[in-house]
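K.L.:
Go ahead and model the full structure; you've got the sequences and the hints to work with.
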Amino acid sequence: MNRETFQAIRDLLMEKLDMSREMTDREILDEIDQLILNRMRDSYISLNEKLQLRQELFYSVRKLDVLQELIEDETVTEIMVNGPDAIFVERGGRLGKWDKSFTSREKLEDVIQQIAGRCNRVINESMPIVDARLENGARVNAVISPVALNGPILTIRRFPDTPITMDRLIALGSLTCECARFLKALVRARYSIVIGGGTGSGKTTFLGALSDYIPEDERIITIEDNAELKIQGVENLVRLEAKMANMEGAVSVSIRDLIKTALRMRPDRIVVGEVRGGEAVDMLQALNTGHEGSLSTAHANSARDMLSRLETMTLMGVDLPLEAIRRQIASGVDILIHLGRMRDKTRKVLEITEVCGYEKNEIITRTLFRREEDLELVQVSELLNREKLARAGVEI
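Using this note's numbering, read the sequence shown as starting at 11 and increasing by one per residue.
These are computed hints drawn from the structure, not numbers from a lab. This one's a predicted model, so the numbers in the text were calculated from it and none came from an experiment. There's no promise every hint is true.
As a list, the in silico DSS-like pairs of lysine-lysine whose alpha-carbon atoms are at most 27 Å apart [to be verified]:
#: 1; residue 1: Lys398; residue 2: Lys355
#: 2; residue 1: Lys60; residue 2: Lys194
#: 3; residue 1: Lys107; residue 2: Lys117
#: 4; residue 1: Lys398; residue 2: Lys370
#: 5; residue 1: Lys355; residue 2: Lys110
#: 6; residue 1: Lys60; residue 2: Lys26
#: 7; residue 1: Lys194; residue 2: Lys240
#: 8; residue 1: Lys26; residue 2: Lys110
#: 9; residue 1: Lys270; residue 2: Lys253
So the derived label-pair ranges between C-beta atoms look like this [to be verified]:
#: 10; residue 1: Glu228; residue 2: Asp35; range: 28 to 34 Å
#: 11; residue 1: Asn395; residue 2: Asp109; range: 33 to 39 Å
#: 12; residue 1: Phe16; residue 2: Cys187; range: 47 to 53 Å
#: 13; residue 1: Thr299; residue 2: Asn134; range: 23 to 29 Å
#: 14; residue 1: Asp95; residue 2: Ile139; range: 19 to 25 Å
#: 15; residue 1: Ser56; residue 2: Met24; range: 50 to 56 Å
#: 16; residue 1: Thr356; residue 2: Gly300; range: 35 to 41 Å
#: 17; residue 1: Asp109; residue 2: Asp315; range: 35 to 41 Å
We put the beta carbon where it would ideally sit given N, CA and C, even for glycine.
P.N.:
In structure tokens form, the structure reads like this:
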């Protein structure tokens, strides 16, 4: 069925629906069934085609239109919409163009407004960029006119319905059993860890898997721009999400605000989904004031680059001498984990680095695990600072 025919049937459906009240899914489906029965009485289309038309009409009214099929497909990891006619889908690390499209630019804009509204976010010409999330935890970024010239642009990163565990990452070859046991000991002994990597390298997934090693009796506070982490097995869990200002006068609540608030909630650990700006200074202060064992992620091209990024982000939040910032990082951060995306599109741990201290105006580091040229992740050094292991009675 071509787009024009589908749009004509959808227009008829919209005329029949009672938009003055909240209709149930059953009522909408009944209207769709009646419309298909009357409209397609003399049409030579199969039962499967009618069922597909029924589903697409329902999705266009109640769900996310043509994208709903992709949202419900567990094999899809990323959806990229470059305007109403160009939808690209990533499955198994492979990107390709989808054969379906939106019926109009206006319908795509309606879907974006629907997503933003559900998250209490605003997107319009004066605020043309929004970050949000779907009910299933998928991360959403939308950009509209006048910023998006061939838009609207919608990018959805879908996370697995069942959180990926460390055992699953081992099975996928992301890291070795030896490395996983090592990280488990560090987390339980309250080493503070920052996970770095490029876009799409699996930082959030790895952070979620690593958090499974946190003892169940601790109080954890997670802080995110958009709530994505699915921490399992911890009862004393507080989830905080940043909030943007809106047109109704509600003020924004930033990651920095949430970190400061979290410090008053008696946390055992603070997990920050991603540090990307001035909140780095608040995170470092938390790490240096008794909140050891906290976890976070940051964009970086290498373990060493992660330190430079932390320095830059801290300078965005406070005007301090570089020496003071480096001392804060060396004192607060214990371990750096660098992830990368390989040529075959798999995501792997490339390096684990220990922050050993501060000497001669430089942060001293020591590589513990490294992925060699043969793609094997091997241990190249022993952990130097073992005080926390001894204090927690944990052995490697």
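K.L.:
Look at each hint and say if it fits the structure.
P.N.:
Verification of the supplied hints:
no., hint, in the structure
1, Lys398 <-> Lys355, "violated, 36 Å"
2, Lys60 <-> Lys194, "violated, 53 Å"
3, Lys107 <-> Lys117, "holds, 19 Å"
4, Lys398 <-> Lys370, "holds, 25 Å"
5, Lys355 <-> Lys110, "holds, 25 Å"
6, Lys60 <-> Lys26, "holds, 19 Å"
7, Lys194 <-> Lys240, "holds, 18 Å"
8, Lys26 <-> Lys110, "holds, 26 Å"
9, Lys270 <-> Lys253, "holds, 15 Å"
10, Glu228 <-> Asp35: 28 to 34 Å, "violated, 41 Å"
11, Asn395 <-> Asp109: 33 to 39 Å, "violated, 55 Å"
12, Phe16 <-> Cys187: 47 to 53 Å, "holds, 52 Å"
13, Thr299 <-> Asn134: 23 to 29 Å, "violated, 41 Å"
14, Asp95 <-> Ile139: 19 to 25 Å, "holds, 22 Å"
15, Ser56 <-> Met24: 50 to 56 Å, "violated, 25 Å"
16, Thr356 <-> Gly300: 35 to 41 Å, "holds, 38 Å"
17, Asp109 <-> Asp315: 35 to 41 Å, "holds, 40 Å"
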